[in-house]
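A.B. asks: Protein chains in written order, with this note's numbering: chain A, 437 to 616; chain B, 41 to 156.
For the record, the hints were derived by calculation from the structure and aren't laboratory data.
Computed from a predicted model, the values in this text were never measured in an experiment.
Heads up, the beta-carbon is just placed ideally off N, CA and C, and yes, glycines get one too.
Wrong hints could be hidden among the right ones.
Stated by the list, open to error - Computed list of lysine to aspartate or glutamate pairs in EDC-like fashion (alpha-carbon distance at most 16 Å, straight line): (1) A:Lys445 with B:Asp77; (2) A:Lys457 with A:Glu482; (3) A:Lys604 with B:Glu48; (4) A:Lys457 with B:Glu62; (5) A:Lys554 with B:Glu62.
What the hints assert, rightly or not - Cβ pair distances, simulated, as ranges: (6) B:Ile75 with A:Ala611: 46 to 52 Å; (7) B:Ser74 with A:Gly613: 46 to 52 Å; (8) A:Arg601 with B:Ala63: 36 to 42 Å; (9) A:Ala611 with B:Arg52: 15 to 21 Å.
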Amino acid sequence: MLEPTGNAKARVDAEFSELYKAHLRDVYSYAFYRVGNHHDAEDLTEQTFLQAYRHFERALRESDGRPLRPWLIRIAHNLAANLYRDRARRPQSPLDESAPIAAPHTTEDLVTGRDELKRVLEGVGQLPDDRREALIMRFALGMDNREIARALGRTDGATKVLIHRAIKQLESLVAMGEDD
Amino acid sequence: MAEAINVELLLRRALAPVEPPEALATQLAATLQSITDLAAEELEGWELASMRDPRNWVRPAAALVVGTAAGAALVLLRARQRHRDAPPGSIGELRDRAAQTAHDFADEARRLLDPR
Numbered sequence: 437m438l439e440p441t442g443n444a445k446a447r448v449d450a451e452f453s454e455l456y457k458a459h460l461r462d463v464y465s466y467a468f469y470r471v472g473n474h475h476d477a478e479d480l481t482e483q484t485f486l487q488a489y490r491h492f493e494r495a496l497r498e499s500d501g502r503p504l505r506p507w508l509i510r511i512a513h514n515l516a517a518n519l520y521r522d523r524a525r526r527p528q529s530p531l532d533e534s535a536p537i538a539a540p541h542t543t544e545d546l547v548t549g550r551d552e553l554k555r556v557l558e559g560v561g562q563l564p565d566d567r568r569e570a571l572i573m574r575f576a577l578g579m580d581n582r583e584i585a586r587a588l589g590r591t592d593g594a595t596k597v598l599i600h601r602a603i604k605q606l607e608s609l610v611a612m613g614e615d616d
Numbered sequence: 041m042a043e044a045i046n047v048e049l050l051l052r053r054a055l056a057p058v059e060p061p062e063a064l065a066t067q068l069a070a071t072l073q074s075i076t077d078l079a080a081e082e083l084e085g086w087e088l089a090s091m092r093d094p095r096n097w098v099r100p101a102a103a104l105v106v107g108t109a110a111g112a113a114l115v116l117l118r119a120r121q122r123h124r125d126a127p128p129g130s131i132g133e134l135r136d137r138a139a140q141t142a143h144d145f146a147d148e149a150r151r152l153l154d155p156r
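Here chain A stands alone, though its shape is the one from the complex (with noise of 0.2 Å):
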């Protein structure tokens, strides 16, 4: 691979900093709903950055103008299955338990909607990973169909019926939680 001199690795750098501020919160975000606790979200986060840093430039070249969250997702997304394989585990806590920390919702959102939402975020854990991975990227970091068929390397339509059935599969779990 050429090396960059002078003003064109300025750009890139500029250009890498522009990326990192827009997407800081995405990759977090999906990191954080990903492994469920603050502390391998914040390494996971870190970790893609740093290799989205090693690779910028061919993604710059590659992506012929097209938006880059797709591929900072698709990072995280195999250094996460990195990280499972590694220590052959799932998460280590619920989600529930610590998404209230640092998530923005309202003191009403955790007093009247706690039990649904629980119910839900139950669910989510109990669906498939690709199932579940797509219902994050499109309901925390709101991709549409194409980002996220591009972020799984999926067709756009297998990225429509995946999140199809993963919503049909969630009311079910959800309809049981509610007739116990």
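Could you slot chain B onto chain A? The hints should help.
C.D. replies: For chain B alone, coordinates are given in the frame of chain A:
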């Protein structure tokens, strides 16, 4: 249908974006800045450093040796080719062949040492 909408609304609330801790943003910005600075310094100092460090002389030296050997082999091949093509010769013809071979060596040396 109403249930599906309800779940989506709940999902939006349950999976609200999470703000990264201030310390993480500061730490990450510092790490990236130090990597960027290091990369710039490395880039500026690379040429001089590579010339000062004898370990970096090995590759160009090896390339020169290989290139010289290949050049010499090419010159000898050309000389043999001319020898096969030429009629049995006199002293003048041998002298011409020696001169031509020396000329070929000079050409190959110039080609190898040309910085372009």
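A.B. asks: With reference to the structure, classify each hint as holding or not holding.
C.D. replies: Checked hints:
A threshold of 16 Å between alpha carbons decides the hint, and for Lys445 (chain A) with Asp77 (chain B) the separation of about 11 Å falls inside it, so the pair holds. In summary, the hint linking Lys457 (chain A) to Glu482 (chain A) is supported, as the alpha carbons are separated by about 13 Å, within the 16 Å threshold. The hinted pair formed by Lys604 (chain A) and Glu48 (chain B) meets the criterion: a straight-line CA distance of about 10 Å does not exceed 16 Å. With a CA separation close to 13 Å, the supplied pair Lys457 (chain A) and Glu62 (chain B) stays within the 16 Å bound.
For a cut-off of 16 Å, the pair hint linking Lys554 (chain A) to Glu62 (chain B) is broken: about 27 Å separates their Cα positions. In this structure, Ile75 (chain B) and Ala611 (chain A) meet the distance hint of 46 to 52 Å, their C-beta atoms being roughly 50 Å apart. Between Ser74 (chain B) and Gly613 (chain A) the Cβ separation comes to about 48 Å, which falls inside the hinted range of 46 to 52 Å. One distance hint, 36 to 42 Å for the beta-carbon pair Arg601 (chain A) and Ala63 (chain B), holds here, with the actual separation near 39 Å.
Taken as a hint, the range 15 to 21 Å holds for the pair Ala611 (chain A) and Arg52 (chain B), whose Cβ atoms sit roughly 19 Å apart.
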